[in-house]
Amino acid sequence: MGIHDALFVMQDAETKTLWNHITGEAVYGPLVGRNIGPLSNLLHMSVKQALATDSAMRVAISEQVYFAGGRRFGTASRAARVGGGGSGEGRRLGPSPDNPNAAMTDRFAATLGTEDTRRPRMEIGLGVWTGTTARYYPIDRIRARGEAFIDRIDGKTMLVYVEAVSNTPAALFVSARSAAREGSAVRLDDGSKVESGVLTDRTGRRRPVERPQQMFTRWYGFSLTFPGCQVYGDDR
Amino acid sequence: MARGDRRGRWRRAVGPPLVVFALGFAGPAPTVAQAPSSKLVVSGPLQLPKGPARAGFEIGRLNSENYGAFEPFYVTETQPLGKAFEDGKVAADTRLLVTETAAGRLALLTDQMAYHHLAQGRAGGKDWMATF
Chain A
1 MGIHDALFVM QDAETKTLWN HITGEAVYGP LVGRNIGPLS NLLHMSVKQA LATDSAMRVA
61 ISEQVYFAGG RRFGTASRAA RVGGGGSGEG RRLGPSPDNP NAAMTDRFAA TLGTEDTRRP
121 RMEIGLGVWT GTTARYYPID RIRARGEAFI DRIDGKTMLV YVEAVSNTPA ALFVSARSAA
181 REGSAVRLDD GSKVESGVLT DRTGRRRPVE RPQQMFTRWY GFSLTFPGCQ VYGDDR
Chain B
1 MARGDRRGRW RRAVGPPLVV FALGFAGPAP TVAQAPSSKL VVSGPLQLPK GPARAGFEIG
61 RLNSENYGAF EPFYVTETQP LGKAFEDGKV AADTRLLVTE TAAGRLALLT DQMAYHHLAQ
121 GRAGGKDWMA TF
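Listed in order, the protein sequences are those of chains A and B.
Residue 1 is where the first sequence starts when you use the working numbering, and the numbers rise one by one after that.
Residue 1 is where the second sequence starts when you use the working numbering, and the numbers rise one by one after that.
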């Protein structure tokens, strides 16, 4: 219903409380102090990747116009006035991390609080958080590590990588000690492999995937949501 | 999505605030459906409470000029992604945002979510919500 810190804020209909859509915290109104978590990750995938991940996955398609395979679908064609991504006007104007050319408009910038200047405002990266740790991985540092490497967070081993199909950074928990890009897949030193979001062991058997809370984000959004967050590659 | 006044529909806001993110992962259900949400319709101008504010949130920095500009996606029906692909409703490279519901994984079209910003529904007996 509004923008604060250049991020969308939600309002519930019953109490009019405003909520942070990333953390699920109430930020203004009678329910401050409450949290509607836990949140589910919202993962970026292509259809091909999604079907490889889960052949039983379902899809919800609204009336809003979209294009697929060169064809136009949908009947409602209102364009978003303020963007968050996508390929329409919203993507052109908005600061969504999948818009490589985004510049923050004055309208967004006027809602910013005191920014963390350790990184460029519009830099994109992967934000990962647990109950006790929030860490930001600049995309350039992920690429500098060969687009796949192992890190640890709260004592757990985590693969940080770039999904080849969607070209978006992601993280999942693994038991390996090293990782390397191998074509569109990531090969781990314990013989397991990650491809299209699917984790298989050395025998090729599919393994369940556990992911930390994460988001493909811009620096300003993550650092204002998690003040003082760790930055991968900086001393900590 | 149910038919109705567009502005009214988007103003239904988020729904019962303490359950919208309650994503338990109970046994799979064959379909995702949402209970009627007309009781959540909010009309009229933006109403803000008088606080309090969480530390770091300054109501003076809130820009609400887009109140009414977006139409959340109230999911009432879904279809198998594989079938949608076979039918040509989505292509191999169509971009998705994938969330977990109590009935299993659910995909939303990134391009549509760039307009809606918020999708919500009920699946497997639990409410879910996704924001983008």
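A hint or two may mislead.
Unchecked claim - Only pairs whose alpha carbons sit at most 30 angstroms apart, straight line, appear in this in silico DSS-like list of lysine-lysine:
(1) B:Lys89 to A:Lys48
(2) B:Lys89 to A:Lys16
(3) B:Lys83 to A:Lys48
(4) B:Lys126 to A:Lys48
(5) B:Lys126 to B:Lys83
(6) B:Lys89 to B:Lys126
(7) A:Lys48 to A:Lys16
(8) B:Lys126 to A:Lys16
Stated by the list, open to error - Residues from chain B that face chain A, not an exhaustive set, calculated with beta carbons under 8 angstroms:
(9) Gln47
(10) Pro49
(11) Ser64
(12) Gln79
To be clear, the hints were calculated from the coordinates, so they are not data collected in a lab.
Built from N, CA and C at the ideal position, the CB exists for glycine as well.
Okay, the hints, checked on the actual structure:
For the suggested pair Lys89 (chain B) and Lys48 (chain A), the alpha carbons sit about 13 angstroms apart, so the restraint of at most 30 angstroms is met. A distance of roughly 37 angstroms separates the Cα atoms of Lys89 (chain B) and Lys16 (chain A); the hinted pair therefore is violated under the 30 angstroms criterion. With a C-alpha separation of about 13 angstroms, the suggested pair Lys83 (chain B) and Lys48 (chain A) falls inside the 30 angstroms cut-off, and the hint holds. Distance check on the hinted pair: Lys126 (chain B) and Lys48 (chain A) sit about 28 angstroms apart at the alpha-carbon level, within 30 angstroms; holds.
With a C-alpha separation of about 25 angstroms, the suggested pairing of Lys126 (chain B) with Lys83 (chain B) holds against the 30 angstroms cut-off. Distance restraint check for Lys89 (chain B) and Lys126 (chain B): the Cα-Cα separation of roughly 28 angstroms lies within the 30 angstroms cut-off, and the hinted pair is therefore satisfied. Taking the CA atoms of Lys48 (chain A) and Lys16 (chain A), the gap is about 40 angstroms. The hint is violated against a cut of 30 angstroms. At most 30 angstroms may separate the alpha-carbon atoms for a hinted pair to count; Lys126 (chain B) and Lys16 (chain A) meet this at roughly 22 angstroms.
At about 5 angstroms, the closest approach between the beta carbon of Gln47 (chain B) and any beta carbon in chain A falls short of 8 angstroms, and the interface hint on this residue holds. Look at Pro49 (chain B): its Cβ gets to within about 4 angstroms of chain A, closer than 8 angstroms, so that hint holds up. Evaluation of the Ser64 (chain B) hint against chain A yields a held restraint, the C-beta minimum of about 4 angstroms falling below 8 angstroms. Of the supplied interface hints, the one on Gln79 (chain B) holds, with its beta-carbon coming within about 6 angstroms of a beta-carbon of chain A, less than 8 angstroms.
When held up to the earlier numbered hints, the structure conflicts with 2, 7 and fits the remainder.
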